[in-house]
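Chain A is already provided as a structure; the job is to place chain B on it using the hints.
Note that the protein sequences, when read in sequence, are chains A and B.
Following the numbering used here, the residues of the first sequence are numbered contiguously, the last one being 277.
Following the numbering used here, the residues of the second sequence are numbered contiguously, the last one being 1277.
Incorrect hints may have been included.
To be verified - Here are the simulated BS3-like pairs of lysine-lysine, each with C-alpha atoms no more than 25 Å apart in a straight line:
| # | chain 1 | residue 1 | chain 2 | residue 2 |
| --- | --- | --- | --- | --- |
| 1 | B | Lys-1216 | B | Lys-1268 |
| 2 | A | Lys-145 | B | Lys-1145 |
| 3 | B | Lys-1056 | A | Lys-160 |
| 4 | A | Lys-56 | A | Lys-69 |
| 5 | A | Lys-145 | A | Lys-73 |
| 6 | A | Lys-262 | A | Lys-188 |
| 7 | A | Lys-160 | B | Lys-1104 |
| 8 | A | Lys-56 | B | Lys-1160 |
| 9 | A | Lys-104 | B | Lys-1160 |
| 10 | A | Lys-119 | A | Lys-265 |
| 11 | B | Lys-1119 | B | Lys-1040 |
| 12 | B | Lys-1145 | B | Lys-1069 |
| 13 | B | Lys-1038 | B | Lys-1085 |
| 14 | A | Lys-85 | B | Lys-1104 |
| 15 | B | Lys-1119 | B | Lys-1038 |
| 16 | A | Lys-265 | A | Lys-216 |
| 17 | A | Lys-85 | A | Lys-70 |
| 18 | B | Lys-1085 | B | Lys-1070 |
| 19 | B | Lys-1085 | B | Lys-1056 |
| 20 | B | Lys-1085 | A | Lys-104 |
| 21 | B | Lys-1145 | B | Lys-1040 |
These are calculated hints, taken from the structure and not from any lab test.
Small disclaimer: the values here were computed from a predicted structure and weren't measured.
Number of protein chains: 2
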Amino acid sequence: MEVNIRHLRNGTPRNSISLLDRGLHYGDGLFETILIHKNKCILWKEHLERLQDGCKRLALPSPGASILKKEAKRLIHTTQEGILKIILTRGESERGYAIPSHPKPTRILSLFPPPFYPKKNWQEGIHAMICRTQLSCTPDLAGIKHLNRLEQVLARSEWKDPNIAEGLMQSTENRVIEGTMSNVFLEKEGVFHTPSLQECGVAGVMRRFLLNFFEKAGWPYEVRPIIPAEVFEANSLFFCNSLFGIWPVLQLDHYKFCISPKIRKLQKCLPPGLFPS
Amino acid sequence: MEVNIRHLRNGTPRNSISLLDRGLHYGDGLFETILIHKNKCILWKEHLERLQDGCKRLALPSPGASILKKEAKRLIHTTQEGILKIILTRGESERGYAIPSHPKPTRILSLFPPPFYPKKNWQEGIHAMICRTQLSCTPDLAGIKHLNRLEQVLARSEWKDPNIAEGLMQSTENRVIEGTMSNVFLEKEGVFHTPSLQECGVAGVMRRFLLNFFEKAGWPYEVRPIIPAEVFEANSLFFCNSLFGIWPVLQLDHYKFCISPKIRKLQKCLPPGLFPS
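Extracted from the complex, chain A is given alone in its bound form (with noise of 0.2 Å):
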C-alpha cells in the first residue's frame, strides 16, 4: 500500500497545480472540508450533495460519487483522526473569463491534520467578535462553498487574540449572516433561528444536519433573515460546522450568552467525532 500521499490531484499523487488552472486565476471552483475520525469520513453524503448542489449551479462538470470516494479511500486509508480538503476546479484555459467549451475540472484531495481546539470551546463556550467586514449580497452565489473567499480572509483577519474562536458577520444589507468559518444559530425561548441564506453566506453542512435533526425531533425552529438586534436579545448563540460540531457563545464583544439544555442535548446528538470525549 502506498503510505504518506498527502495530495491527489485527478488521481495522481502531485503536491502542485498548474499555473494556468481557473481555481488560481479567478476561484473558479468549490471546496469542502471533511472531518475525518477513526478512519472514517464523517457526514461524508452530505458534503458530496453540498459539492454536486454546487456543480449544478456553476455549470461544473461533477466528478462523480465513487471516483471522489476511491480517492478519498486511497488518501486517508492510514489516517485516525484529520481533516480531507476536496477543492474543484472548473481546469485550465486559454486567458479570460469565458469557459472553455469542454472544460476538463481539476480534482484535488488534500489531507491535513486534525484541528486542535481547546476543550473549554465546547464545554464552557467560546469569546467572539462582531466583524466589521461585511458579506456582500449576491443571489447567483449565495449558499454555494466557492473558492472566492477574499470577504472571510478579511474578517478572520480582524483579530490576532487567541482567545477569540470566531467572528459574526453581518451582510451588506445589515442583516446577521454566519461565522467566519462556521454557521450561527440563536436560541429564543425554546426556539431555534438561523439566517435564511438567500442574499450570501455559505450553506453548511453542519447547519443542514441540525435543521433536518429539528424537523425529526420536532424541535421549533426558524430560518429567517436576523437582524443584529435580534442575537443581543437571545438566551443562547452557538457556531457550527462539520469539523467542530457545536461550539455555545459565551461572550459576543461585551454581550454575555448562557449555555442552554437543548444546546447541551444537541451537542451529544452530533455524528461521532464531533463533541471531544
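Only chain B this time, still in chain A's reference frame:
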C-alpha cells in the same frame, strides 16, 4: 539568453503552483494583465501603481517595482506582441482563513499570446448585451483587481454568440458598473460619464488613463453612480481596458448608439498598441 520561458514563479521558470497556495484556496491575491507592444509593457507604471494599491488594501507585502521590472524584462525579451499577466498571492499557509504571521507571497509572471479581436470592434463598434449576473456591493473590495472573479465568470458565460464582444454588468443595487472585462463610459451632450466604483467594480488602468486625459485636456466629465436608464439616453457608449483601448458600442441589446467624433479622437490619443493601424 533564455528562450521560451512562459512563466516565472518567484523568479524561477516554473509552470505550477503549490496546492497549499492561498491564491487557489481563497482567491487571496491580485492580478494585472499588461499589453506588450513592440517589446514594451504598455502603461507599466500605471499597472504597478494599481498592484501596489491593491497590496495595501489587502495588507499583502508588495514585491517592489525593481524586481517586477527585472522579471518582466527577462520574460518578454523576445516578445514583440503579447500579454504579460502578473498574479500575486499571499502564498502558502496552513488550512484556514487566518493570515500567516509572516506571509511569503507568490509572485507569478506569465506570457500569453496577443489578444485577437476583429478590427471592426474599434472601427465600426461592437455589439454588447446586458448581463443578468449582478456585481455584489462590497466597499472593502471595490476597485481592487483581486482574484475573486466568479461574478465575471458567470456573466461571461451568459453568451456564446461570437458577435457579442462584451457584456454590461449592473450591481445588486441596480447601478451600471462596468463590462465583464472592461470599464464603461457614456457620452451625453459632449460630456463623458463613468460609474463611480465605491461599491463594486474594478478600477481599470485605461479608465484612469482616460480620466487623467480629460482632466489635462479640459474635457468635461463626471464620475458618479449611474442608473440603467441613463445608458439608453446616452448618445454614445464605449468600453475600455488596457488590452484593447476603446471599443465604441454600436448596439447594446436592441438599443443603438452612434460613434461620436470625441470617441474617434480619444481612440487616437491612447498609448501605442491600443488602436489597430
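Is the straight-line distance between the alpha-carbon of B:Lys-1056 and that of A:Lys-160 25 Å or less? holds, 19 Å
Would the pair A:Lys-160 and B:Lys-1104 pass a check requiring their Cα atoms to be no farther apart than 25 Å? holds, 19 Å
Does B:Lys-1216 pair with B:Lys-1268 here, judged by a C-alpha cut-off of 25 Å? Between B:Lys-1216 and B:Lys-1268 the Cα gap is close to 16 Å, so the pair holds against 25 Å.
So if I understand the rule, the pair passes when the alpha-carbon distance is 25 Å or less; does A:Lys-262 with A:Lys-188 pass? holds, 11 Å
Between A:Lys-85 and B:Lys-1104, does the CA-CA distance stay at or below 25 Å? holds, 22 Å
Are A:Lys-145 and A:Lys-73 close enough, with their CA atoms no more than 25 Å apart? holds, 23 Å
Holds or violated: A:Lys-104 to B:Lys-1160, with C-alpha atoms at most 25 Å apart: Since the Cα atoms of A:Lys-104 and B:Lys-1160 sit roughly 19 Å apart, the hinted pair holds (cutoff 25 Å).
Within a Cα-Cα threshold of 25 Å, do B:Lys-1119 and B:Lys-1040 meet the stated pairing? The given pair, whose Cα atoms are some 22 Å apart, holds under the 25 Å limit.
For the pair we were handed, A:Lys-119 and A:Lys-265, check the Cα-Cα distance against 25 Å. holds, 17 Å
Just to be careful, I want the Cα atoms of B:Lys-1145 and B:Lys-1069 compared with a cutoff of 25 Å; is the pair within it? holds, 20 Å
Holds or violated: B:Lys-1038 and B:Lys-1085, Cα atoms, limit 25 Å. Holds, at roughly 17 Å.
When you check the alpha-carbon spacing of A:Lys-145 and B:Lys-1145, does it fall within 25 Å? holds, 22 Å
Comparing the model with each numbered hint stated earlier shows that all of them hold.
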